[in-house]
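All chains should be built: construct the whole structure from the sequences, respecting the hints.
4 protein chains.
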Amino acid sequence: MSDAPEQQTVDDAAARRELYALPLDRFSAFSDGVFAIAITLLVLQIGVPREGVRVLPALRGQWPELLGYYISFAFIGSLWIMHSGVTRFMKRGDGVAYALNLLLLLFVGLLPFTTDLMVTHLSGADARIAVLIYGVDLLLASCVLSLLILYLAQEPGLLVDDIAEGTLRRVNRQRWTAIGVNVLAIAVALVAPQVAAGLYLVETTLLLIIPLLGLRRHRRRRRAG
Amino acid sequence: MSDAPEQQTVDDAAARRELYALPLDRFSAFSDGVFAIAITLLVLQIGVPREGVRVLPALRGQWPELLGYYISFAFIGSLWIMHSGVTRFMKRGDGVAYALNLLLLLFVGLLPFTTDLMVTHLSGADARIAVLIYGVDLLLASCVLSLLILYLAQEPGLLVDDIAEGTLRRVNRQRWTAIGVNVLAIAVALVAPQVAAGLYLVETTLLLIIPLLGLRRHRRRRRAG
Amino acid sequence: MSDAPEQQTVDDAAARRELYALPLDRFSAFSDGVFAIAITLLVLQIGVPREGVRVLPALRGQWPELLGYYISFAFIGSLWIMHSGVTRFMKRGDGVAYALNLLLLLFVGLLPFTTDLMVTHLSGADARIAVLIYGVDLLLASCVLSLLILYLAQEPGLLVDDIAEGTLRRVNRQRWTAIGVNVLAIAVALVAPQVAAGLYLVETTLLLIIPLLGLRRHRRRRRAG
Amino acid sequence: MSDAPEQQTVDDAAARRELYALPLDRFSAFSDGVFAIAITLLVLQIGVPREGVRVLPALRGQWPELLGYYISFAFIGSLWIMHSGVTRFMKRGDGVAYALNLLLLLFVGLLPFTTDLMVTHLSGADARIAVLIYGVDLLLASCVLSLLILYLAQEPGLLVDDIAEGTLRRVNRQRWTAIGVNVLAIAVALVAPQVAAGLYLVETTLLLIIPLLGLRRHRRRRRAG
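Residue numbers (this note's numbering), protein chains in the order written: chain S, 13 to 237; chain P, 13 to 237; chain R, 13 to 237; chain D, 13 to 237.
Simulated from the structure, these hints should not be mistaken for lab results.
Be aware that a few hints might be false.
Repeated chains share a single entry, so a pair holds when one copy, or any two copies, can fit it.
Stated by the list, open to error - Below 20 Å or equal to it, Euclidean Cα-Cα: the simulated SDA-like pairs (lysine to any residue) are:
hint, residue 1, residue 2
1, 103, 198
2, 103, 223
3, 103, 37
4, 103, 162
Computed from a prediction, not measured in an experiment: that's the story for all the values here.
Take a look at the structure:
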């Protein structure tokens, strides 16, 4: 109160800036929480065949729900892997990084809904729009993650060292492939939505299989060694 | 048992006090958990249009649910950013800080319910009371967070250093703006509830955009540099 | 494979023991997760009055649900505060501590169900049995926590230092009060279930208010200082 | 852009490898999250008897739901104990470990659904197939965890020291018992599904009791000492 008004404004700005030098551990913990909950809520969308209904035919009719669980689990999982790969290079967060992250989590948190929407309408008259909405949600999550990486690459003060910056830039260039496939899937969805869903199936299976190829290569190497 | 009764009372009080020198990491982890779950449960309130129903008209009719997801996500997110900004200055917790935090989380944990209440009745006869209840929940969460900050600012033993105290006091002064907007929204809700919802939309969008303005300033700075 | 069978058994036992020298950070993180989710799931049991139904009369009729949210939130919260106070003295976990903790979380994880059961039947013909089941769940959680504290107090190898052992013993003696109130509430539930619910309301409010009294004392101290 | 194409490919591969040297803390935190949420979601499958319905007869009729809560809680809990025992020996993760972990969590995350499926149909015409699906989900989770342990045992670069490798190999040999019981339960399910459910009840109770036997031994030792 006794400060001169200008001084106070400067101090307020400094306090605000200092407050926004946000801790990385909570940035990671909160993100892990939202990713983990979104990925686990997916299971609630698979309806359990009621008592008295034959189980196998019912589950066979529910293939879109099982497909939706699988592809959204894999997409959220791979976004999370990328996210945890990125925070490894971070030292701390700031207001922009926190806001971009919140925006990313907003689209990730929507995925249980857009997945449910897609699988409910996948074989119906509105398959096109349902798959499109799912694809756009996925694309937005993917793009905001890229934007976050790009921002971090330009803010050396948030990164652990100089190598990190170059690494983040190269990683982001590789992310264009994933984003390209997402855009392609959206375009396909407008013509043949079931084909787009198939494309997601292939993409997510590759996302899981490509790292596991390392397992095979690793075995061969050991046998040779 | 062999202690003199008075001695035991003293020891018990000491043990209780020692027990309530509570660890900061669990204070943060539990809070992150509740914030993350409350923010992710919001998606469950968006109903998925049933099979056979036209998707776009259905979603258009569900605009209050989508709006509710957006504004509550942003409010919970910004409360969490403020919360994690505050714990950065903490060294440890005590019984009061834990109790205030629990009270804060009680109101945050109610938000999925009060949001659902608001969006269900936003265009009905009871819009006034529904928006009012939402506003009061939000206001209480906001006030308890301010009370927590105020308490911490007066307890140097819980903070990392002396600078932290002054910073927390300044931050709390700035929080009056946010609380003022919340009170205003409640007053508006009594007259025109839809306008109050609009006010929340503007406020949360500003909450997300203001930090992102840093992104633009940052780009201009780089181009000039 | 080349080991003598006896040697292998010894090694297996050693490996098993070594594997069960379990890390404290995951013990805490998993417990925080279950506590945080159980406390946040409570909100799902509060039904939102449907569109067209008058909000205030509906909520007034739902007072048991709101009461249930409040008391279970406070009970889970205070169990968590006690739990995090205890882990502060731990250095690591072992198989017994992990198994007791899992049993504790089993009863905590049931609370959203037993709370829902109690509030659904609080004013019905089966109020007695519903409040009784809730009380027994709460009592079991409380007793397993005490058992965990007792076990830790007897295992210096799991604690940070010798002082911790004495502190844990004293804390456990004080816990008999809480357990006594729980037993009393169960006895009351058999005669007058609504009174037992009232007793829970008083107990949880005291649980929240007692630490906050520190806030008042603290203010007076500052004014005097 | 100015790099020679080959050099860039090498750099890209290096960046990718470096990015996949993933942090252990987030590996653990995300896994803790999914385990904790899956275990807590189990409670949602226990239906609350409606107002006016007699509570005790209703709960007696719901014994499969209560059984399902218990056995899946114990199975998820024991998978988590094993998982946290394993990460204790890890220094960091890589793409393969992350992908295997994601696959493990995919099957863990399905358990609330397969549990619900089993308990809904346990006394119906399709008990066989329902218990079979539950058993296969459990077996897959168990096998992927073993595969993860096996992979880690072969990658000294991910482990804290050389002792860890031998320990992990021995632990994995002991896991064959658990996997054997799971295979047996599946075989039994094809003939007598209720017996298989009983087998799960015995197995999970042993999983909880075996560590607690340490408690009894420990008491006897203290009395003798």
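For each hint, the structure was consulted:
1. In this homomeric assembly, residue 103 and residue 198 never come within 20 Å of each other (Cα to Cα): the closest approach is 36 Å inside a single copy and 40 Å across copies.
2. Within a single copy, residue 103 and residue 223 get their C-alpha atoms only as close as 27 Å, which misses the 20 Å cut-off; across copies the closest is 19 Å, which meets it.
3. Taking the shortest alpha-carbon separations for residue 103 and residue 37, both the intra-copy value of 10 Å and the inter-copy value of 15 Å come in at or below 20 Å.
4. With identical chains, the CA atoms of residue 103 and residue 162 are at most 20 Å apart within one copy only, with a shortest distance of 16 Å there and 28 Å across copies.
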